[in-house]
Amino acid sequence: MESARVGGKPRIVSQRYLGSAEEIAARLSERGPGEPDRTRHLAFGDVAAVWSILERLKVAEIVDEVVGSRRQDAVASVGTYIALASLNRVVDPCSKRKFADWWKTTASDRWVRLPAAALDHRRFWDAMDTISEAQLQQIERRIVAAMVAEFGLNLSALVLDMTNFATYIDSGNTRAPIAQRGHAKQKRTDLRIVGLGLIVSVDGGIPLVSHAYAGNKPDVTQFGDMVTELVTRFGALAGDAAGDLTLVFDAGQNSADNLELIGDTALHFVGSLPPSDHPDLLAVPKNRYRAVDAKRYPGLRAFETKKVVFGVERRLVVTHSQNLGDKQSQGFDQTLAKARRQLGELSARLARGNTRRPRDQVEAEIAAILKPRWLARVITTTLTGDTPAELRLSFGTQPQGRSALEAELFGKRILFTDKTADVAPVAVIVADYR
Numbered sequence: 001m002e003s004a005r006v007g008g009k010p011r012i013v014s015q016r017y018l019g020s021a022e023e024i025a026a027r028l029s030e031r032g033p034g035e036p037d038r039t040r041h042l043a044f045g046d047v048a049a050v051w052s053i054l055e056r057l058k059v060a061e062i063v064d065e066v067v068g069s070r071r072q073d074a075v076a077s078v079g080t081y082i083a084l085a086s087l088n089r090v091v092d093p094c095s096k097r098k099f100a101d102w103w104k105t106t107a108s109d110r111w112v113r114l115p116a117a118a119l120d121h122r123r124f125w126d127a128m129d130t131i132s133e134a135q136l137q138q139i140e141r142r143i144v145a146a147m148v149a150e151f152g153l154n155l156s157a158l159v160l161d162m163t164n165f166a167t168y169i170d171s172g173n174t175r176a177p178i179a180q181r182g183h184a185k186q187k188r189t190d191l192r193i194v195g196l197g198l199i200v201s202v203d204g205g206i207p208l209v210s211h212a213y214a215g216n217k218p219d220v221t222q223f224g225d226m227v228t229e230l231v232t233r234f235g236a237l238a239g240d241a242a243g244d245l246t247l248v249f250d251a252g253q254n255s256a257d258n259l260e261l262i263g264d265t266a267l268h269f270v271g272s273l274p275p276s277d278h279p280d281l282l283a284v285p286k287n288r289y290r291a292v293d294a295k296r297y298p299g300l301r302a303f304e305t306k307k308v309v310f311g312v313e314r315r316l317v318v319t320h321s322q323n324l325g326d327k328q329s330q331g332f333d334q335t336l337a338k339a340r341r342q343l344g345e346l347s348a349r350l351a352r353g354n355t356r357r358p359r360d361q362v363e364a365e366i367a368a369i370l371k372p373r374w375l376a377r378v379i380t381t382t383l384t385g386d387t388p389a390e391l392r393l394s395f396g397t398q399p400q401g402r403s404a405l406e407a408e409l410f411g412k413r414i415l416f417t418d419k420t421a422d423v424a425p426v427a428v429i430v431a432d433y434r
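Heads up: the sequence shown runs through residues 1 to 434, numbered per our numbering.
One should not assume that every hint holds.
[Stated by the list, open to error] Computed Cβ-Cβ distance ranges for the label pairs, DEER-style:
(1) Gly344 x Thr221: 40 to 46 Å
(2) Val220 x Pro115: 17 to 23 Å
(3) Ala43 x Arg377: 52 to 58 Å
(4) Lys187 x Ala107: 54 to 60 Å
(5) Ser69 x Thr335: 55 to 61 Å
(6) Thr420 x Pro298: 39 to 45 Å
(7) Glu313 x Glu55: 47 to 53 Å
(8) His183 x Glu55: 37 to 43 Å
(9) Pro274 x Arg122: 46 to 52 Å
(10) Ala407 x Arg352: 37 to 43 Å
(11) Pro298 x Glu55: 21 to 27 Å
(12) Trp111 x Ser69: 20 to 26 Å
(13) Arg11 x Glu55: 21 to 27 Å
Hints in this document: simulated from the structure, not taken from any laboratory.
Predicted model, so just to flag it, every value in this text is computed and none were measured.
Where a beta carbon is used, it is the ideal one built from N, C-alpha and C, also for glycine.
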């Protein structure tokens, strides 16, 4: 390919098609005059693209300005190590111990020249250990400000979510107090977990605020810290539009204190409420629902009302989606089948008369099987007998219970907001939450 400037602008003036990858490989395998004895294949495009963004945002420079310069004998700056780690995380995540091997498979050394010793995994840890928690927050603020300025991110609506993830940090390791036993969302009760809260843009899902916390702390208790940081960070970035910023969150963050905190800021919000907590809204007949936006949300219907939520009257939007209802129905079928299988196995075990467990333990096992939501409304159980040898279990499924469940709950979602209808119609509220 040959390029040149035409009329002051770069243009491709000639190019030659080399063939498919297989054809090129076949040509290279044919030994001929002037052909290379061997070739070396290195990852280039994805690495170059990510590195260009890191340079565009000046990530390494920001880190070094916050942390300060290292000793003169340091092979690379702290900012360089953070940029390298970020590059690897985006392109092909691996452990720091394997970073040097991965680096050899890329063309990165064409624009970042480092001695082999600089890529030792211990150098990464040394660099990261120099960054304090306060410095990390300052670095994040400056990088986010650079992203907003460089790419013109839409800050009109932001989504907050909290989760946790399991780690393999040894239980006896006291150097990582943030890793604690807690309610693991991965169901790994045998591992220590770390909590992570993120606020991301609706436009592209770009992380803008992060908050790591001890795994034994409930998500809802960390909401205030994230909102406070959000207000601090985006009050300046959003400027005059700060009052138009909308925070979106799910029912897991609901509490009177959290909503009061939002009320003390310039933020607007859109949240959700557990449908089963509001049977009066679920009982509203179908003729109250109206189509939201046939083009944007085909099949979605909704009605709006007002109700006191956590001590304050709020605007509520109740939606129904047949597509969501079908997915919930399919998921419930799987849960129902699993519960019936477990009850069948328990019933057969009791029928053989060789269990030694007392009645209260068997009742506890039945309760555990029926713990997943909605099962107790559909499955009925009867346990007879007093002694372990006499215990017998029978169970059945109520079709009418299943029908009532589908009509009452499936496909429905309850949203609540402080936005008025004249500012944000139903379609806008739905769009914010989605």
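Hint check:
no. : hint                        : verdict
1   : Gly344 x Thr221: 40 to 46 Å : holds (41 Å)
2   : Val220 x Pro115: 17 to 23 Å : violated (49 Å)
3   : Ala43 x Arg377: 52 to 58 Å  : holds (54 Å)
4   : Lys187 x Ala107: 54 to 60 Å : violated (41 Å)
5   : Ser69 x Thr335: 55 to 61 Å  : holds (58 Å)
6   : Thr420 x Pro298: 39 to 45 Å : violated (27 Å)
7   : Glu313 x Glu55: 47 to 53 Å  : holds (51 Å)
8   : His183 x Glu55: 37 to 43 Å  : holds (41 Å)
9   : Pro274 x Arg122: 46 to 52 Å : holds (48 Å)
10  : Ala407 x Arg352: 37 to 43 Å : holds (40 Å)
11  : Pro298 x Glu55: 21 to 27 Å  : violated (43 Å)
12  : Trp111 x Ser69: 20 to 26 Å  : holds (22 Å)
13  : Arg11 x Glu55: 21 to 27 Å   : holds (26 Å)
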